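The whole structure should be built from the sequences, with the hints applied where relevant.
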Amino acid sequence: MRKQDVPQDWGPEAEVRRLMYAVDESGRFVGVQSVGWDVSNTGFNKYWEHVGQIIAAARADVAEGRKSPLWYWMQVSLLDVRMLADYMGLWRWRVRRHMRPGVFAKLKPALLDRYAAVFQIEPAQVRSLPEEDPENLPIHHAPGQGQGA
Amino acid sequence: MPETLPSPDVLIGYPHRQAAHCESGATAGLLSFHGLEISEPMAFGIGGGLFFGYFPFMRLAHVKVTTFRKMPGAVIHKAFKRLGMRYHSETFWRKGSARRALDEALDAGKPVACQVGFYWLPYVPRAFRTHFNAHHIILYGRQGGDYLVSEPGLDHVETLQPGALERARFARGGMNPRGRLYWLQEDRSPKQRSLAKPVAQGIKDVCFNMLTPPIPLLGVRGIRFLGRDILKWERRLTQAQVLDNLNQIVIMQEVVGSGGAGFRYMYAAFLSEAAQALEHTGLAEASREMNAIGDRWRAFALVATRFVKGRPDPGDNYAAMAGMVMGLADREEAFFRKLWKVAKAIKP
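Going line by line, the protein sequences match chains B and R.
Here the first sequence stands for residues 27 to 175, where the numbers follow our numbering.
Here the second sequence stands for residues -1 to 346, where the numbers follow our numbering.
Hints in this document: simulated from the structure, not taken from any laboratory.
Where hints are given, some of them may not hold.
Dumping the calculated EDC-like pairs for lysine to aspartate or glutamate here, alpha-carbon to alpha-carbon at most 20 Å [stated by the list, open to error]:
#1 B:K29 with R:D293
#2 R:K342 with R:E331
#3 B:K72 with R:D242
#4 R:K62 with B:D106
Nothing here was measured: the structure is a model prediction, and the numbers come from that model.
Printed below as a string of structure tokens:
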């Protein structure tokens, strides 16, 4: 890639001005900062759209009583059962079991506190579904909009 | 546990440089600090960082794993080793001892490379948040209880609170850092090393890995595997699934900090620098070819993105895209065969 061909399409990468390697006029490689490329911008948008759908589906599952609120908190923390079990120091089948509303209702407060610590939320929050999705994720849909998706 | 006393401030004169990739950036930063002035592409090439691997059955943050680089941690170890630098690498079971070891190294005036979970770094922009546990940062001091961080991906320095750092150092869920630290046990005197041997070792390592993979998902065979898979997707998957798959390859190639075209441009930069340092025309030629291969990978990403956006050009179809990938496999195979011969002929 030549230096003048380094794409500068404004996108999420503008926040970090990522470094690219390109050839300058004398044929040497130099580092060039870029604010994004249409391809990677689309990649970001599509990825977060995908994650947003997963979170919306999780919200619907919890609201309709198919899963416990842990399922929602796991998805907004971008975790999966394997990783969550590793953070909790539990076996995966136990974490999977805790995703069932009936089992979840009987969990001891100490265990719920540990879950809350992994999700970085207040212990009381982990028991229920929040009104709005956390703001630290760039998911595009408004909460509630993707219900049933 | 007794409350630890507030730690005194330490400031090490570590010059921050932005890098395209965290691990090679950290490697080059530490080497330069300890008297071996070296660029990021050079560290990447000597560490033998280039690779290809396609793991459709593995997912990282909902994304199927396609990798363009070697296992995290390989570059840092191999670059230090091949350059003959004495280094220390350590993991920890206890958070207390992990913090003590870090503080002791900083007190001794050594900048420390630290493997961390990317998700837990508070300065990461929200669009980048992901549970990637093999990110590398450099810690170069303490100020008012916070740690001073040279983040290779950014063009400025950052600070981290001890709690956040501890969470990042003990991230869990695959490729766990376990508080891993690296530092060089060298003084800061300027060092002259002949680059011929390490460069040849690094190149031969990459050629070996690309051309003689033990399973068909790796190296040039992996690229062909991907090409064949793209043809199958059209028949077997729904439109939405195909687009997700394509997008995931593009993400791994272009978004995950690589300096563009899945590390191919950085490798071309390495070959160009090596050609200059060793005054070798064969390497200069290889650099131009690698650059062209990088352009081709980006052309593939561009076509894939047109599909993802739902606006393919008239000539775009899956067979053509698969053909591009197959062509890349052939081209990389020929390239690495030639490069291997060139590297074998380099006299140390």
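Evaluated hints:
A hinted pair counts as satisfied when its Cα atoms are at most 20 Å apart, and K29 of chain B with D293 of chain R qualifies at roughly 13 Å. Restraint check for K342 of chain R and E331 of chain R: the C-alpha separation of about 17 Å stays at or below 20 Å, so the hint holds. Under the criterion of a C-alpha separation no larger than 20 Å, the hint pairing K72 of chain B with D242 of chain R is consistent with the structure, at around 8 Å. A threshold of 20 Å between alpha carbons decides the hint, and for K62 of chain R with D106 of chain B the separation of about 14 Å falls inside it, so the pair holds.
Comparing the model with each numbered hint stated earlier shows that all of them hold.
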